[in-house]
Amino acid sequence: MMKSRRSLLFLFALLMSTHGWATTESYGYPLADPYAATVIGTPRDLKAEPKPIRGGHVKNFKLKLFEDRAKPDIFWYDQGLRTAVAYQKHKAPLIFLIAGTGASFDSPKNRGLARAFYKAGFHVAAISSSTHPNFIISASSSRLPGHLMDDSRDMYRAMELLMEKLGDSVEVSDFYITGYSLGGAQAAFLSKLDEDKRAFNFKKVLMINPPVSLFNSVMILDGMLDSIPGGVDNFQAFLDRLMDAFTEVYTTEDQVEFNDEFLYNVYKYRPPKDEEPLAALIGTSFRMSSASMVFTSDLMTNAGYIVPKNRVLSRSDSLADYSKVAHRITFLQYFDELLYPYYRIQQPGLQREALLDQLSLRSIEDYLRNSEKIHVVHNADDLILAPGEIDFFREVFGSRARIYPTGGHCGNIDYQQNVKYMLDIFTGQGGK
Amino acid sequence: MTTTKHIQLLLRMPVAAILLGLVSACTTMPAQTLQEEPARHAVEDVVRDDVNYAVDVYDPWEPMNRRIYNFNTKFDRYIFLPVVSAYEFVLPNFVEDGISNVFSNIGELENFINSVLQLKPEPTFTALGRFIINTTVGVAGLWDPATKIGIDEWDEDFGQTLGRYGVGDGPFLVLPIFGPSNLRDTAGLVADSAMFSAIDPFDFDDKNDDWEAPYYLLNAIDKRHRTAFRYYETGSPFEYELIRLLYGKARQLEISK
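Sequence order for the protein chains is A and B. The letter at position 218 of the first sequence is residue 218 when you use this note's numbering, and the numbering goes up by one with no holes. In this note's numbering, each residue carries its 1-based index in the second sequence increased by 1000.
Hints listed in this document are in silico derivations from the structure and should not be mistaken for laboratory results. Careful, some of the hints might be misleading.
As the list claims (entries may be wrong) - List time: in silico EDC-like cross-link candidates among lysine to aspartate or glutamate, alpha-carbon distance up to 16 Å:
1) A/309 / B/1037
2) A/192 / A/372
3) A/309 / B/1254
4) B/1120 / B/1254
5) A/203 / A/49
6) A/119 / A/49
7) A/62 / A/45
8) A/62 / B/1233
9) A/89 / A/160
10) A/197 / A/160
11) A/309 / B/1044
12) A/373 / A/174
13) B/1074 / A/78
14) A/59 / A/168
15) A/119 / A/424
Please read all numbers here as calculations on a predicted model, not as lab measurements.
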C-alpha cells in the first residue's frame, strides 16, 4: 500500500514537472506519507524559524465588535476577540494571518508564519479562525460559523477595528493577507470583499492549503474517525487512550491550547500503536475542534442542540456530560441540523445544494481566475481534498499555483523551502 | 516548567485564606424565565452508563472548585499577571533566568528529601548531583550547568511520595492561586512547606526574618513567569474538564516515574 502510494506520487511529480507546475529544483520535504506529514509536520531542524524571536514588539488586543453583545454567563471570561500584532518600529508592510479550523491567532502554525514574516520585515497581525470559540462568542454575527462569505465579513470588520485600534502607532505601507487551511479559503473571500470595501487594498493574497469545497473536506475529516479500531462507537475509548499520551505532552511541551496541533505533538511524543491509524488521530483532532465549536454555537444561539433550550447554565455547573455529547456530533450533523436551517431562514427558498455551493471556492472561481494578486500553495497529497480537487488550483490559478508533491495537510507549512517561496511571493521576487 | 509545578505556588501567602472567603461571596444566579425544552441531542440519549468516560473525574466539590477556578482567573488577570509582566519588563532576560535557576536549585532540597523518602536512588543522586554542581560551578545556583551536561531536573514532592506508597488521588481540588490539585497533593504541598520551614535553610525564623516575605513573593512571581498556562485561553469551552483530567493523568505519570 505504502509502496504503491509512493510510486504513484513519484509518477505524479514527474508528470507535473513536464507540465511546468512543479518546482524545477528538487523538493526536500522528508515525509512522503501524507498522514505522517499532516501529523508530524516539519522536523525541527528543517523548519524555517524554529525558535521564537526574542525582543520583538507585540501588542495584544481584545476587540469588542458588538455593543452589548449578549452571551451566556458561562462565557463570562470572554472579553472580546483576542488578536495580536507584532510590529516593526518603522514603516513596513502589514500581513494578516488567518488561522485554520478551530485554531486561535496564537496557534503554532500561525506563530511559525508570524516569525518568518516578522523576521522578513513585516508587521504581522494574527487573526483566530471564525470556528474558534472566542471568535464565535465575540466576533461572529450569526454565531454559527461555516459560511465562507459571512464569516469573512465578520473577520473583515475585526481587521478594520484592529487597524483602528492600532491607529498611528504602527506605520503601514501596504497590506497583504494569507491564511492556512480554512483560513486560506477565507483569505480569498476577504480579498474579494476588499475589492468593494477597499479598507486595505490588498497587494497580494496567498492561500495555503485551502479546501475547495468545505463540505467535501469536512466529510473527509468526519470519515477519518471510521478508521478508529472498532469504529466510531469506540471513539470514547480511543480518546481515553489518547489522553494518556496527551498528558505527557502537556507536561513537557509549552503547548497550552487544546487544538489539532496539540494532538499532533502527542503523536510525535508517543507514536500510536500500529493498529491505531493516523487517520483516526487526525479525525479526532478535528472532532475536538468541532465539539468546541458546536457547543459554543449551541449556547450562543440557544439552539437547544446539546444543551436544553432556555437552560441557563451557571458558572459552577458541570459541562462534562455536554462535552461527551458534543464529541459525538459530526460536521455533517452540524451542517444539516444547525447551519442549513439557519441559512434557509436567512435566504428563503435556499436549497441544500445551493448552500453547499456557497461554501466552496468555486463560488468565486471567476474572481480567483482573474486576480493576478492571488496565489496558492498546496500539496498534491493534501488529505482534505477530494479526488481531483487539486486540479481546481492548477486549472484556475495556472502559474500562480505552486503544488508540492508531498506535505499532506499543512505538514510542510514551516518547511524552509516552503517559507522561502511564500516570502518571495510577498516581497515580489517570486511567484510572479 | 510542568503543569503540576505551576500549581504549587505561594503556599504561605496568608492572603490565600482570606481570598478563599471572598470567592464564595461573589456568585450570581441568573434568573430563569423561559420554559426549558429538551435538547435535540440530549445527554440522556447519548451518554451511556456502561461506558467509562475519561472526562469523569472524582470531583464532589465541583461547584466550589469551579468558583475557585474562576476566582483564580480573575486573580491572574488583574493582579498576578500584571505583576509578572512588570517583572519581565523591568528585568533583563538573563536576570530572570538566573532567578529561576536559583529557585530551582533550592527546590533540589525538596526533590532530594522526597526521593530519599521513596527510596529511589536515581532521583536522589540526580538531586544531589545537580545541587552540588549548580551551587559550585553554577555560582550559588544562578546558572544551571547540570542541565547543560545532561543531568535534567527530576521533580519529586510529598504528593508523589504519598502516591508512591499507595495513597489515592482523593477528590479533585482547585486551590486559590495555586490552581488544580487533589486532596493528596494538597496534603503533600503542606508537608513540603512544613519540611522547608523546619529545615529553614535561610534562617528565616531568626536572623533573616525580614527576608521571608520577599523570598516567597519572588518565588511566586518566578513560578508564574515560567508557566505558560493562561486561564481560559486554551480555546476549549470544556477547559475545566480537560484541565481536571490532565492534572490527574500528569500526577499519575509523575508518581509512576
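_Distance restraint between residue 192 of chain A and residue 372 of chain A, which requires alpha-carbon spacing of 16 Å or less_ = 13 Å, holds
*Verify the proposed pairing of residue 62 of chain A with residue 1233 of chain B, using a straight-line Cα cut of 16 Å.*
12 Å, holds
*Between residue 309 of chain A and residue 1037 of chain B, does the CA-CA distance stay at or below 16 Å?*
Given that 16 Å is the threshold and the Cα spacing comes to 5 Å, the pair holds.
*asked:* Between the alpha carbons of residue 1120 of chain B and residue 1254 of chain B, is the straight-line distance 16 Å or under?
replied: The given pair, whose Cα atoms are some 13 Å apart, holds under the 16 Å limit.
_Pairwise hint evaluation, residue 1044 of chain B against residue 309 of chain A, where the allowed Cα distance is 16 Å at most_ = At roughly 15 Å apart (the allowed maximum being 16 Å), residue 1044 of chain B and residue 309 of chain A satisfy the hint.
*Quick one, are residue 309 of chain A and residue 1254 of chain B close enough, alpha carbons at most 16 Å?*
43 Å, violated
*Proposed proximity, residue 160 of chain A with residue 197 of chain A (alpha carbon, max 16 Å)*: Measuring from Cα to Cα gives roughly 11 Å; hence the hint holds.
_Hinted pair residue 373 of chain A and residue 174 of chain A, Cα distance within 16 Å_ = 13 Å, holds
*16 Å limit on alpha-carbon distance, applied to hinted pair residue 59 of chain A and residue 168 of chain A*: 13 Å, holds
_Holds or violated: residue 119 of chain A to residue 424 of chain A, with C-alpha atoms at most 16 Å apart_ = 13 Å, holds
_Can you confirm whether the C-alpha distance between residue 1074 of chain B and residue 78 of chain A stays at or below 16 Å?_
12 Å, holds
*Within 16 Å, alpha carbon to alpha carbon, are residue 119 of chain A and residue 49 of chain A?*
Holds, because 9 Å separates the two Cα atoms, which is no more than 16 Å.
Of the numbered hints stated above, those contradicted by the structure are hints 3, 5, 7, 9, listed in ascending order.
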